[in-house]
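Listed below, chain by chain, are the residues.
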Amino acid sequence: MMTEISFQQEFEIKGGDFVRAGEASCEIKNLLKELGVAMQVVRRAAIVSYEAEMNVIMYAGSGRLDLSVTSDRVQIVVDDRGPGIEDVELAMSEGYSTATPEMRELGFGAGMGLPNIKRNSDIFKIHSKVGRGTRLEMTIRTNGHRL
Amino acid sequence: MLTLKEVQSLLSGELLTPGINLEKECSKVFASDMMSDVLAFIDPESVLVTGLITSHVVRTACLADVSAIILVQGKRPEPMVVDEARVRNLPIISTACSMFEVCARISRSHPEAGR
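First to last, the protein sequences are chains A and B. Letter by letter, the first sequence follows residues 16 to 162 of this note's numbering. Letter by letter, the second sequence follows residues 8 to 122 of this note's numbering.
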């Protein structure tokens, strides 16, 4: 079924740009609040967005985040031009991380990113090709019922 | 239940973001330097106790609906970081106490705050 898109915006994310890390997600959170999305959904979307944004900044050269909001769902799709993930199943397990000491000094790289994205999404899809990049698709329903 | 103002007093803390309302309840406390764990486990409206002073702490706190940041060991972030917190209406309290001492003092006055 086609759902009418009520709001859509793209955000460019630059790999390695730790100074601006989180700015796109803070903007997304404000946008969703302004759109009148329920607070619990806003929070889940903000966390999903931030984790995905940090992954691009930590591991990829660049990436694009697409936010779309319909009457019944918030969708966040993140495409990066990065190294890709060799073993997606392993990357999805809590505690597994390939973060550098610099990333850990900033408080990231506990191996919680992808599992946390999945936990906060109603639908989560990940496609990754080594040497090409990774695509994450996250959907959060706005009516409060998990899919 | 303690208010943020009472927590500030309990810790002899300095409010680095003057003008932000501290008459809010401090219902839960989460202590960590690991922002990944904050994003994964913190309850909304919790107080975050940390020793990290980067802008990522402010952004993480904002995205995870944290009600206030308590910085331990007398740490003070760069003015730019404090400004960002002020813009986001997020109080930052700096205290000379260690992370353990902060948790111990709050826990003595409000045993239900931890998780």
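Everything labelled a hint here was simulated from the structure, so no lab data went into it. One thing to keep in mind: the hints can contain errors.
Claimed, not checked - Distance condition first, Cα-Cα at most 30 Å in a straight line; then the derived DSSO-like pairs of lysine-lysine: (1) Lys12/B x Lys82/B; (2) Lys29/A x Lys133/A; (3) Lys48/A x Lys12/B; (4) Lys31/B x Lys48/A; (5) Lys133/A x Lys144/A; (6) Lys35/B x Lys133/A; (7) Lys144/A x Lys29/A; (8) Lys82/B x Lys31/B; (9) Lys29/A x Lys140/A; (10) Lys29/A x Lys48/A; (11) Lys48/A x Lys35/B.
Unchecked claim - Coverage of chain A stretches by chain B, computed from C-beta distances (three or more under 8 Å per stretch; other residues unrestricted): (12) 20-32; (13) 109-123.
Since we're looking at a predicted model, the values are computed, not measured. Where is the CB? At the ideal position from N, CA and C, for every residue including glycine.
Going through the hints against the structure:
Restraint check for Lys12/B and Lys82/B: satisfied, since their Cα atoms lie roughly 19 Å apart, inside the 30 Å limit. For the hint pairing Lys29/A with Lys133/A, the CA-to-CA distance comes to about 23 Å; that is within 30 Å, so the pair holds. This hinted pair checks out: Lys48/A and Lys12/B have alpha carbons roughly 27 Å apart, not beyond 30 Å. Under the criterion of a C-alpha separation no larger than 30 Å, the hint pairing Lys31/B with Lys48/A is consistent with the structure, at around 21 Å.
This hinted pair checks out: Lys133/A and Lys144/A have alpha carbons roughly 19 Å apart, not beyond 30 Å. The straight-line distance between the Cα atoms of Lys35/B and Lys133/A is roughly 25 Å, inside the 30 Å bound, and the hint therefore holds. For a cut-off of 30 Å, the pair hint linking Lys144/A to Lys29/A stands: about 19 Å separates their Cα positions. Our distance criterion of 30 Å between C-alpha atoms is met by Lys82/B and Lys31/B, whose separation comes to about 23 Å.
For the hint linking Lys29/A to Lys140/A, the alpha-carbon distance of about 22 Å falls within 30 Å, and the restraint holds. Simply put, Lys29/A and Lys48/A have alpha-carbon atoms about 25 Å apart, close enough for the 30 Å limit, and the pair holds. The straight-line distance between the Cα atoms of Lys48/A and Lys35/B is roughly 23 Å, inside the 30 Å bound, and the hint therefore holds. Counting residues of the stretch 20-32 of chain A whose CB falls under 8 Å from any CB of chain B gives 0; the rule of at least 3 is not met.
Judged by the Cβ-Cβ criterion of 8 Å, the stretch 109-123 of chain A is covered by chain B as claimed, because 3 of its residues qualify and three suffice.
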